[in-house]
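Asker: Full structure from sequences and hints, please.
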Amino acid sequence: MATENSAVKKSLYTPFNVVVGVIFLVGVVITFLRFTKGLGAVTNLSDNNPWGMWISFDLLCGVALAAGGYTTSAACYVFGLKRYHSAVRPAILTAFLGYSMVVVALLYDVGRPWRLPYPFLVQAGTTSVLFEVGLCVMLYLTTLFVEWLPACFEWLGFQKPRDLIIRITLALTILGVILSTMHQSSLGALYLIVPSKLHPLWYSMYLPVFFFVSSIAAGLSMVIFEGTLSHHYLHGRMDATYLREHDDVVLGFAKGAAMVLALYFMIKVVGIAIDNKWNYLLTGYGAWFLVELLGFVGLPAFLYAIAVREQNLKLAKWTAVLTVLGIILNRFNTSLVAFNWQLPPADRYFPSWMEIAISVYLVTLGLLVFRFIAIRMPIFYEDPRYRQHVPHEGEEEEGPEFTEHKLHRHPQTFGH
Amino acid sequence: MENQFYTLHDFLVYTKFAAYILMGLTLLGFLGFWLFLTGRDEDKEIH
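Chains L and R are the protein sequences, given in the same order.
For the first sequence, the numbering used here begins at 1 and goes up steadily by one.
For the second sequence, the numbering used here begins at 417 and goes up steadily by one.
If you're looking for bench data, these hints aren't it; they were derived computationally from the structure.
Just to be clear, a hint being listed does not mean it is correct.
Claimed, not checked - No more than 16 Å apart at the CA atoms, straight line, and that leaves these computed lysine to aspartate or glutamate pairs for EDC-like: (1) Lys-197(L) <-> Asp-347(L); (2) Lys-432(R) <-> Asp-275(L); (3) Lys-255(L) <-> Asp-457(R).
Answerer: Right under this line is the structure:
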């Protein structure tokens with residue numbers, strides 16, 4: 001008995017559990033402070049800098065990195081690339097949780113969070129870009145929820161509602177693409193109102209285009225990145241179809257991301273030329289701009305191309321990490337680093353440790369929910385009762401029996 | 417008054433000369449990148 005108790009204690013106090021426990025404890029305490037003492041108690045926000053870390057990271061980066069949902073479902077259902085079908089459900093789940101965390105982060109960031117529904121129910125500001133963003137995010141989160149429901153219904157055994165949603169998959173996908181196109185670009189359009197506050201190298205009348213195009217590259221790269229991590233930690237929950245299609249998904253998405261990044265690189269350069277901002281490149285901000293453009297846009301485009309040419313999965317996966325970091329850097333630069341660039345250093349914003357802790361807390365929360373769902377629901381495998389997969393030409397049909405894998409850590413890492 | 421150009425530099429800036437040249441080069445560059453990216457696709461199909 002004593003041995004059993006010690007075994008349970010040992011399994012509870014793993015390094016992972018301890019780290020997550022500390023993050024949660026700190027997160028809960030700061031959450032209490034935030035909602036009892038107000039924004040001033042936990043943030044460095046001010047009248048000069050009303051949008052801080054929670055908007056830059058949780059919202060701007062969160063929305064961009066959740067773009068894998070609409071890019072993958074559009075590739076599969078709109079463009080008919082059925083060989084990426086196995087990547088759709090993980091991408092939808094990532095997007096759904098990503099947007100959910102965005103809304104949770106907004107509850108922290110908005111001064112009076114209970115008024116979040118006001119723009120829709122009380123006073124609609126139909127001429128406001130922010131209203132459009134809010135409306136699109138609300139509708140798209142609802143769409144993602146409905147797109148995720150079939151996996152949940154399969155888990156619960158609710159066949160009829162599951163079949164009903166499956167029948168409207170194409171309509172949901174098209175709706176998702178429209179809503180994403182609108183609000184991904186509108187997030188960039190939000191900054192069109194501050195030409196005197198945002199550094200000229202980042203300010204452009206094409207900001208909506210930049211945000212939208214870069215979100216596609218972010219989405220494709222996130223699917224590769226998330227697939228790699230899942231392959232490592234949730235290998236046992238994947239069926240043969242997913243494992244067989246995984247490499248094709250990585251290289252196919254790497255090819256798409258290479259093209260999009262090349263396009264993004266070129267329109268950024270043309271943007272500089274049209275506004276004739278070459279002289280700013282010789283300043284300190286210019287050097288930082290070039291680091292972002294060459295190191296995190298041009299270089300990944302080239303590396304992706306090499307990976308596709310050489311069929312190098314490892315390179316494609318590491319390039320996905322570089323691209324994701326590049327998108328985060330771009331959103332941080334636009335909303336924090338190059339924002340209020342003319343203010344004296346004393347008036348510039350830097351997040352408090354509590355703002356950073358809340359962001360870490362929300363990301364951890366999202367990861368745990370992802371793991372909880374992926375372990376229980378058919379995300380990385382198809383339930384044989386609802387099998388949709390059409391075998392490729394020359395490929396043998398799998399037997400109807402589904403053998404559930406035991407959950408175990410996959411020994412291979414990015415090198416797979 | 418705005419349409420009067422006193423120097424070649426004024427003219428080039430006003431007509432966004434560099435931007436148009438760059439757009440042309442961009443299109444060519446994009447084409448080159450596409451050829452580089454898909455250069456070995458046929459080899460893969462053969463194998």
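Asker: Looking at the structure, which of the earlier hints fail to hold?
Answerer: none
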